[in-house]
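Student: Spelled out, the chains give:
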Amino acid sequence: MKPRSASRLLPLASSYAVLLVCTAVFFLPIAFMIVASLKPDELVLREAGTWRALFPGGASLQNYRDVFDRVNFGRFFVNSVFITGCIVLGGLVVNSMAAYAFARMQWRGRTLCFGFVLALLILPFEAIAVPLFYQMIEFGWRNSYQVQIVPFIANAFSIYLFYSFFLTIPKEMEEAAAMDGAGALRTFFTLIVPLAKPAFATVAILTFLMHWGNYLWPLMVVDHETYRPLPVAIAEFQTLPPIQWGDIMAFGVMMILPVLVVFLVFQKGFVKGVASSGIKG
Amino acid sequence: MKAFGLEVGLRKIVVGLRLFPWPLAGLPLFLSGCGQPEPAAYDDEGREMVYIWVHSGQAPERETIRGQVEEFNEMQDAIRVDMTIVPEGDYNARVQAAALSGDLPDLLEFDGPFLYNYVWQEHLIPIDDLLSEDVRRDLLPSIIEQGTYDGELYSVGVFDSGLGLYADRRRLEAVGARVPGGIEEAWTVEEFEEILAALFDEAGGRPVLDLKVNYTGEWYCYAFSPILQSAGADLIDRDTYLRADGVLNGPDAVRAMTQLQSWFENGYVHPNIDDAAFVERAAALSWSGHWDYTRYSEALGEDLLLLPLPDFGEGSRTGQGSWNWGITRRAHHPEAAMRFLEFLLEPDEVLRMTDANGAVPARRAAIDRSGLFGDEGPLRLFVEQLEISAVPRPRTPAYPVITSVFESGFQDIRDGADVGAVLDRMVRVIEEDIEDNQGYRRR
Amino acid sequence: MSAEETKRGGVRQTLARLLGSGSFDAVFLAGPALFGLLLFVAVPFAIAIILSFTNLRMGSPLETQFAGWEQYRRVLGDEAFRRALFNNALFALVVVPVQTALALGLALLLNQQLRGRILFRTLFFMPVVFPMALVAIVWKLLLAPGPDGLMNSMLQLVTFGAWAPRDFLRDPLLALPAIMVMSIWQGAGFQMVIMLAGRQGVPETLYEAAAVEGAGPWRQFLHVTLPQMRNTIFFVVIVTTILAFRLFDQVDILTQGGPQLATTTVMFEAVRTSFAEARVARAAAMTVIFFVIVVGLAVVQRKLLREEREIL
Chain S
1 MKPRSASRLL PLASSYAVLL VCTAVFFLPI AFMIVASLKP DELVLREAGT WRALFPGGAS
61 LQNYRDVFDR VNFGRFFVNS VFITGCIVLG GLVVNSMAAY AFARMQWRGR TLCFGFVLAL
121 LILPFEAIAV PLFYQMIEFG WRNSYQVQIV PFIANAFSIY LFYSFFLTIP KEMEEAAAMD
181 GAGALRTFFT LIVPLAKPAF ATVAILTFLM HWGNYLWPLM VVDHETYRPL PVAIAEFQTL
241 PPIQWGDIMA FGVMMILPVL VVFLVFQKGF VKGVASSGIK G
Chain Y
1 MKAFGLEVGL RKIVVGLRLF PWPLAGLPLF LSGCGQPEPA AYDDEGREMV YIWVHSGQAP
61 ERETIRGQVE EFNEMQDAIR VDMTIVPEGD YNARVQAAAL SGDLPDLLEF DGPFLYNYVW
121 QEHLIPIDDL LSEDVRRDLL PSIIEQGTYD GELYSVGVFD SGLGLYADRR RLEAVGARVP
181 GGIEEAWTVE EFEEILAALF DEAGGRPVLD LKVNYTGEWY CYAFSPILQS AGADLIDRDT
241 YLRADGVLNG PDAVRAMTQL QSWFENGYVH PNIDDAAFVE RAAALSWSGH WDYTRYSEAL
301 GEDLLLLPLP DFGEGSRTGQ GSWNWGITRR AHHPEAAMRF LEFLLEPDEV LRMTDANGAV
361 PARRAAIDRS GLFGDEGPLR LFVEQLEISA VPRPRTPAYP VITSVFESGF QDIRDGADVG
421 AVLDRMVRVI EEDIEDNQGY RRR
Chain A
1 MSAEETKRGG VRQTLARLLG SGSFDAVFLA GPALFGLLLF VAVPFAIAII LSFTNLRMGS
61 PLETQFAGWE QYRRVLGDEA FRRALFNNAL FALVVVPVQT ALALGLALLL NQQLRGRILF
121 RTLFFMPVVF PMALVAIVWK LLLAPGPDGL MNSMLQLVTF GAWAPRDFLR DPLLALPAIM
181 VMSIWQGAGF QMVIMLAGRQ GVPETLYEAA AVEGAGPWRQ FLHVTLPQMR NTIFFVVIVT
241 TILAFRLFDQ VDILTQGGPQ LATTTVMFEA VRTSFAEARV ARAAAMTVIF FVIVVGLAVV
301 QRKLLREERE IL
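Chains as they are written, first to last, in my numbering: chain S, 1 to 281; chain Y, 1 to 443; chain A, 1 to 312.
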């Protein structure tokens with residue numbers, strides 16, 4: 001038995017070695033950011049090329065205080081949470097409803113409309129950003145929350161994910177409900193929605209990942225701090241004189257930390273959500 | 001029976017809606033509620049609202065204007081000023097978008113040379129009748145010149161700008177460089193390059209020249225078009241404002257920009273990504289403006305020198321013009337906007353701002369009282385430059401394109417592209433733009 | 001029954017007649033999403049097509065005129081735009097295979113019975129929750145020029161001093177690769193998770209059968225893993241390709257398309273043209289060209305997928 005265990009040990013060891021190297025690569029930028037955020041500003045760049053980049057001599061929360069002194073971080077954070085939250089919640093409602101109509105109901109124009117949705121399936125938002133920008137000017141929607149929310153609620157990909165899930169629900173259950181006299185709407189809201197919880201979780205997480213980092217769009221449509229989300233805020237903060245890299249990294253840590261915590265708590269859900277996007281795609 | 005059918009339909013909807021989790025049901029209402037209404041012309045207490053936009057600027061500058069707004073709001077109870085700080089990098093783009101969507105403020109701060117474009121686009125109103133004669137007479141000629149287009153005054157600034165070469169005295173002494181005493185004595189470009197080479201060697205081959213390449217936006221055209229003018233070239237033909245060919249890409253221009261490129265190629269230029277190259281004394285020379293004076297003098301103290309930019313053949317040239325204020329067409333209360341502007345133009349307030357940002361006060365009354373700009377003041381050079389060697393940026397509605405093309409052209413030259421080809425391309429873009437806009441004739 | 005009710009009932013009937021029975025519910029359910037997609041996707045596209053044939057400029061007091069194909073002629077003749085197309089294609093050609101291979105490799109490694117599997121998976125996935133703007137800013141510092149930069153000093157360490165410090169983001173040869181690396185760093189975890197799920201969907205009996213026939217790990221990979229995971233891999237490839245054409249945030253924050261157009265992209269050119277230069281019509285033409293490319297990719301994808309299985 002001995003030779004066999006040795007032959008199994010080697011691949012195992014090399015697997016671990018590769019994984020550890022990858023871990024170093026993946027984690028290094030994050031560690032660097034966290035460490036830099038705890039250092040005096042002038043040391044961030046000076047020590048970036050030394051081992052001190054990852055192991056600081058001391059730590060202080062001064063940079064974090066400075067961020068709050070220099071910009072309205074709380075506002076940006078609330079903006080991002082509110083905007084992303086509305087897109088996720090609104091999207092769950094609107095897209096699941098549409099998907100149900102496509103998956104289970106017979107109506108004239110269904111094929112045509114579904115073809116339309118499928119045609120938009122992989123069309124990236126960027127392709128219509130420029131004309132949409134002028135359209136929003138016409139609407140008088142620049143500098144608002146809704147300009148950052150409403151255009152993103154209806155989403156072809158979300159509809160498609162819900163659609164695929166609804167197809168897997170056995171028809172018998174709905175037929176039974178219909179026998180009891182429930183209409184399509186009641187069947188959907190009372191029967192299908194509770195059954196489709198995993199699909200809702202998947203779409204929620206994907207929508208969150210898709211829109212939490214929105215940068216291009218708010219850059220174009222928002223001037224005022226009042227409506228500015230985090231990604232644009234940090235991009236502007238890193239050019240706001242005086243340039244202090246410690247403060248910038250502290251801003252970064254604060255903008256990502258709550259998300260990392262949520263991710264670590266619900267990481268199973270995140271991973272499952274992302275994984276199922278591929279299976280159905 | 002029809003009515004019954006409708007009722008059932010409605011009931012279904014109601015049942016459906018009731019089954020929504022609460023926040024979801026509330027969402028549409030919430031969304032319709034958070035639309036942005038037209039900004040109010042009066043606040044709750046009936047005071048006239050004046051919305052203003054200011055550029056983000058350096059920290060002390062930002063704090064000063066913030067303080068001035070607060071003070072103004074407290075010292076009287078007829079007007080309330082509401083300030084929005086807008087990042088400098090894409091300021092003009094934001095003004096353009098806001099103009100289209102009707103989001104322009106009442107009183108708009110903008111960089112001087114954009115005025116002609118904004119007037120052409122009909123965003124601004126003339127202020128000849130609003131500005132009091134006493135203030136007007138006391139303003140520097142360069143300020144009036146900058147704010148005038150087609151014979152009417154559209155904007156005034158609280159300060160004018162100064163652009164020069166800050167130097168670290170000890171480093172110059174270490175290489176035995178001559179210290180120019182005034183504009184006439186500016187280093188020739190050959191002398192400048194010898195000094196750069198000496199400083200570079202003395203620093204062990206590390207970059208010694210800070211050209212503020214960390215900046216984006218207006219900086220490049222403002223700071224480096226004086227090189228062209230000093231070499232006998234320019235951005236555009238100033239008689240017609242229709243032609244750039246032969247002016248921006250002539251042999252003088254190519255020679256000057258090639259010299260600039262060689263500074264990068266030789267490794268003299270500091271990347272300055274934390275904007276601290278000069279204050280940390282890595283760079284010995286910093287090509288910068290009045291706004292860095294406070295920071296630099298704190299860091300270098302007695303070692304700080306302010307010198308004119310090098311002479312590329314026709315004498316040292318420098319930039320002028322700066323942020324100034326205009327009243328937009330959509331202002332609810334132009335008189336109120338002017339009252340705030342005249343408050344900013346009071347000599348005390350002018351000095352308060354220029355003490356914070358090191359700029360040249362726009363009023364003679366303020367210059368006379370300033371310790372920085374008086375005869376013996378450390379920034380006296382900036383006043384002299386405005387009288388002798390400063391060149392205004394082209395007074396044409398095509399300016400936004402000129403500056404945008406200059407910035408990208410500068411980047412290409414910095415990165416080693418063929419200078420002649422880059423300048424030719426810049427000429428093409430500028431002339432195409434003028435042609436597309438039918439020569440920017442006014443209606 | 002009031003006249004009002006009659007009228008509404010009539011509307012309902014008309015709808016029912018038009019769309020078939022049960023249509024009221026269907027319209028209620030599908031309406032909002034269809035309306036949203038129409039208003040915020042289809043209409044803007046129509047606007048883009050119309051604008052692209054004019055000479056419209058934002059804020060110009062001049063009258064807008066019909067310009068025919070002039071904008072398309074100019075855009076396609078524009079060196080910057082052609083370079084942008086090239087950069088997008090190059091980005092896709094490098095990032096897609098590298099990121100897919102990396103994600104697949106990590107997924108296969110993590111599919112083994114290893115201690116700390118979950119921990120590794122968590123770590124690799126972590127960058128995915130980072131907004132690209134933050135990634136760009138952190139990497140800007142990592143890629144700082146001169147020997148002070150972390151990347152420069154690490155490369156020096158690894159090459160025993162042979163590496164001369166470079167200014168990655170200002171170097172025409174290194175700027176785009178630098179952006180590629182950070183994009184892979186951010187995106188690989190996402191693809192890895194999809195791959196992992198795909199791998200777990202492969203029946204173990206296939207591997208057992210292959211082992212019985214004497215196939216080693218490599219042959220098992222070639223003859224079982226790859227064919228079985230074909231769809232998953234395909235999905236990842238398509239998604240990454242389309243992501244490659246969306247490249248914007250990193251470019252805007254780090255390089256502004258430079259040095260010498262080495263990192264400019266179609267989206268960056270379109271946004272700069274419309275936003276900073278106010279040339280609406282020209283930007284609209286770029287948008288339409290972008291559209292055509294993406295739709296082309298979509299059509300290819302649908303064709304290839306169709307052969308393999310029924311998705312609809």
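Because the hints were derived from the structure by calculation, they are not lab data.
Take the hints with a grain of salt, since some may be wrong.
[Claimed, not checked] Distance windows between CB atoms, simulated:
(1) V202(A) / L167(S): 43 to 49 Å
(2) A211(A) / A24(S): 29 to 35 Å
(3) P177(A) / E190(Y): 16 to 22 Å
(4) G57(S) / D78(A): 47 to 53 Å
(5) D150(Y) / H224(S): 55 to 61 Å
(6) P177(A) / V18(S): 21 to 27 Å
(7) P39(Y) / Q106(S): 37 to 43 Å
[To be verified] Here chain A is said to cover these stretches of chain Y; the calculated rule only asks that three of the stretch's residues, wherever they fall, bring their Cβ under 8 Å from a Cβ of chain A:
(8) 118 to 124
(9) 327 to 339
(10) 363 to 373
(11) 409 to 423
Beta carbons are placed, not taken as given, at the ideal position from N, Cα and C, and that holds for glycine.
Student: None of the hints should be skipped; say for each whether it holds.
Tutor: These are the hints, each one checked on the structure:
1. Between V202(A) and L167(S) the beta carbon distance is about 23 Å. The supplied range of 43 to 49 Å is therefore violated.
2. For A211(A) and A24(S), the hinted distance range of 29 to 35 Å is satisfied, since their beta carbons lie about 33 Å from each other.
3. Taking 16 to 22 Å as the suggested C-beta distance range, the pair P177(A) and E190(Y) does not conform, at roughly 39 Å.
4. At about 51 Å, the CB distance of G57(S) to D78(A) agrees with the hint of 47 to 53 Å.
5. The supplied range of 55 to 61 Å is broken by D150(Y) and H224(S), whose beta-carbon atoms lie about 32 Å from each other.
6. At about 22 Å, the CB distance of P177(A) to V18(S) agrees with the hint of 21 to 27 Å.
7. For P39(Y) and Q106(S), the Cβ-Cβ distance of about 50 Å falls outside the hinted range of 37 to 43 Å, so the restraint is violated.
8. Given a C-beta distance limit of less than 8 Å, the hint that chain A covers the segment 118 to 124 of chain Y holds, as 4 residues qualify and 3 suffice.
9. As drawn, the segment 327 to 339 of chain Y meets chain A at 0 residues by the rule of a beta-carbon pair under 8 Å; below three, the given contact is violated.
10. With 0 residues bearing a CB less than 8 Å from a CB of chain A, the segment 363 to 373 of chain Y misses the requirement of three and the coverage assertion fails.
11. For the segment 409 to 423 of chain Y, the stated coverage by chain A holds: 6 residues have a C-beta nearer than 8 Å to a C-beta of that chain, and at least 3 were required.
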